[in-house]
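Number of protein chains: 2
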Amino acid sequence: MTRPILAAIDTAAFEHNLAKIRGLAPESKIWCVIKARAYGHGLEAALKGLGSTDGFAVLDIEDAGWLRDHGWQGRILLLEGLFHENELSLAHQLACDVVIHCENQVRWLEAFDALPHSRLNVFLKMNSGMNRLGFKPDAYRTAFHRLHAAGYHMHHMTHFANADQLDRSPTVDEQLECFNAGIDGLPGATSFGNSATILWHRNTLGDWVRPGVILYGASPTGRYSDIEHGGLNPVMSLTSEIIDTQELAVGERVGYGGVYEASEPMRIGIVACGYADGYPRHAKEGTPVWVSDPSMKNGGVICPIVGRVSMDMLTIDLRGAPKANLGTGVELWGAHVPVDEVAYQSGTIGYELICAVAPRVPVKII
Amino acid sequence: MTRPILAAIDTAAFEHNLAKIRGLAPESKIWCVIKARAYGHGLEAALKGLGSTDGFAVLDIEDAGWLRDHGWQGRILLLEGLFHENELSLAHQLACDVVIHCENQVRWLEAFDALPHSRLNVFLKMNSGMNRLGFKPDAYRTAFHRLHAAGYHMHHMTHFANADQLDRSPTVDEQLECFNAGIDGLPGATSFGNSATILWHRNTLGDWVRPGVILYGASPTGRYSDIEHGGLNPVMSLTSEIIDTQELAVGERVGYGGVYEASEPMRIGIVACGYADGYPRHAKEGTPVWVSDPSMKNGGVICPIVGRVSMDMLTIDLRGAPKANLGTGVELWGAHVPVDEVAYQSGTIGYELICAVAPRVPVKII
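The listed protein sequences derive, respectively, from chains D and F.
Numbering-wise (my numbering), the first sequence opens with residue 1 and increments by one.
Numbering-wise (my numbering), the second sequence opens with residue 367 and increments by one.
Hint data in this document are derived by calculation from the structure and do not stem from the laboratory.
Glycine residues also receive a C-beta, built at the ideal position from the N, C-alpha and C atoms.
Hints are not guaranteed to be accurate.
Unchecked claim - Take a look, some chain F residues computed to stay more than 10 Å from chain D by CB distance:
| no. | residue |
| --- | --- |
| 1 | E393 |
| 2 | H483 |
| 3 | S484 |
| 4 | G517 |
| 5 | P536 |
| 6 | P553 |
| 7 | G665 |
To be verified - Below are the DSS-like pairs computed for lysine-lysine, each with C-alpha atoms no more than 27 Å apart in a straight line:
| no. | chain 1 | residue 1 | chain 2 | residue 2 |
| --- | --- | --- | --- | --- |
| 8 | D | K136 | F | K689 |
| 9 | F | K414 | F | K730 |
| 10 | D | K323 | F | K502 |
| 11 | D | K136 | D | K297 |
| 12 | F | K502 | F | K395 |
| 13 | D | K323 | D | K284 |
| 14 | F | K650 | D | K284 |
| 15 | F | K663 | F | K689 |
Okay, chain D solo, but in the shape it has when bound (with noise of 0.2 Å):
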């Protein structure tokens, strides 16, 4: 590629978010939680980077396959179980432990003919108050008992809903009071921490925890502020550089829909970033842009968009970076801006920036 944009994925930063969790769960066995390409960091870079964990967790069974295919040779957690029966074979040759959440898939398991079935390591989800997937209570400990029944080895799971904030319902207290009532008496590991639970919910990490968004140095709620002192290094830059330069005068107006006006003569600088590439459209004027000069003291100095995102490209306010010009680099977000910070102010969270990078977008593994 050509077109200077490129994600550097640092695998030493993912090694240290890992060790930073293990310290956080020393008790616990971890998964870590790969899907979606690795919240878009790509599997090569977490295989290489994440290597000592107990067990990735996954979401499509192609990706189960992948690593079995470059040498994984630990568990691997399909989060939620299967699509379709036919895959189930499949899953039990790729030795995945399955996560079971609905009545299909207590049927198929039921059904299948490989042996033994005490091979296959189950974790039976409880919907302990999320309503998204999972058994209540009751109709959990009826599918533990035919699982159970029918060989398998069971594990406990449940997810919560608001374990990164305290005031909302159901909170995780009443979640974990539903699940250990919902497992009372029944054999079994448990895994219920995500996140925002090993961040701040310290006490109850149950036997496996699931890191997601930590893991790439993102916070769970979406606010930088809450994860600075954390320790938490990210794992992803997004960089790329100015392709041209505009001088405005006093009046002037930037962009689609002319949503920023001048009130100065001023220098812009247009970069070569946009929504396609996976940059928020929604991001407010303001939002910081770290713009490289070898003259500043950390390097570079951070200049702030004007007007609106466009598909290929943004803009960015130079009146801070005089030296700045056409090939200067930019860093749209990693070590200087936090991608939780461009997040915030496009009224979302890291999550959903980093998982959307672009095909278009190359990838760098450092």
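Assemble the complex: chain D is given as a structure, and chain F must be docked to it using the hints.
Relative to the frame of chain D, chain F by itself:
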């Protein structure tokens, strides 16, 4: 892929929309704009459905190479020209037309030693008021004369900031006046008409129009009502299935943040589509999802979103679809739900959504 999500691309709709555009701009040649993997539809489908165009306009020279490798012998326009000088010989070899928008590019062309220069078509870009790429009128004339003197085959180009709205400055008329004055007396064909210009400013279309979003059946304004009676057909259908259901009691909440609360007993469906597939996380409650039901007159029914869109799933109110169950098909956007309607409910425009369909979503060309 076994996860049930799918993006189906209807090449007959491409043909239909292109014919419609020919009818609207009968005097102009057409650059079909297929940057960003044909706005997320894929180059393969675009080439198949839009093969009767006069030329394709792309952003990355790699896409030009792909088109030549797949037999396209017509014209190809590089919409931002060259990002680096070393692309010039490849652009020449691929017989691309190139946009020239900045001084560096002019210098590269002046220094280019392949012969003859007259074989290379240049679309010189004027900044007539949008203040993104291009030369202001005085600099434009200087650049024109330099490239003309260097023997290149010259064309004139500009881009409108507000062709989709009448009351914003700069207006189409203001930009056109600037453009016409800027090229006064200079030889060369013109190109300035984008999708909105083709629909709503048909008295001034120039020699080459550049339809983008209307090729894909979406609206330049992001409002479906603006193209509803224009006879364009949606090219992409994004479909998936219900993978679980939940029965909610009064007061129970749904999903992250628990933002939706059931006011009466109700059933919800969990759909295998989330923001990591490209569905907007911003989508408001009430955003329509079409649920298949062969017993209904139209073959299905609209069910609104409840709760927050999560990474891999979204949840819909099934009170209007009592027969829907595991495996029932849904359309997120397409023939039943305009992509612009989903975009509008998410505070953006259809452009962003179709471009953002994730690599993990399988594509089927029909």
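Query raised in the report: With d taken as the least Cβ-Cβ distance between F:P553 and chain D, does d exceed 10 Å?
Result: For F:P553, whose nearest Cβ neighbour in chain D is about 25 Å away, the distance exceeds 10 Å, so it holds.
Query - Given as non-interface: F:E393, partner chain D, CB spacing beyond 10 Å - result: Label holds. Min Cβ-Cβ 26 Å, cutoff 10 Å.
**Report entry** Closest CB of chain D to the CB of F:S484 still more than 10 Å away
**Finding:** holds, 25 Å
Report task. Compare the distance between the alpha carbons of F:K414 and F:K730 with 27 Å, and conclude whether the hinted pair is satisfied. Result -> holds, 13 Å
Query - Distance restraint between F:K650 and D:K284, which requires alpha-carbon spacing of 27 Å or less - result: holds, 19 Å
Query raised in the report: F:G665 clear of chain D by more than 10 Å, beta carbon to beta carbon?
Result: Fine: 23 Å to the nearest Cβ keeps F:G665 off the interface.
Report task. Quick one: work out the minimum CB distance from F:H483 to chain D and report holds if it exceeds 10 Å, violated otherwise. Result -> The claim stands: F:H483 keeps its Cβ more than 10 Å from every Cβ of chain D (closest is about 21 Å).
Query raised in the report: Is the nearest Cβ of chain D still more than 10 Å from the Cβ of F:G517?
Result: Nearest chain D Cβ is 25 Å from F:G517, so the label holds.
Query raised in the report: Can the restraint linking F:K663 and F:K689 be considered satisfied, given a maximum Cα separation of 27 Å?
Result: holds, 14 Å
Query - chain D versus F:P536 - minimum CB to CB distance exceeding 10 Å, so not interface - result: violated, 6 Å
Query raised in the report: Going straight from one Cα to the other, do D:K136 and F:K689 come out at no more than 27 Å?
Result: holds, 21 Å
Query - 27 Å Cα cutoff - pair F:K502, F:K395 - result: holds, 26 Å
Hints 5, 11 from the list above are not met by this structure, while the remaining hints are.
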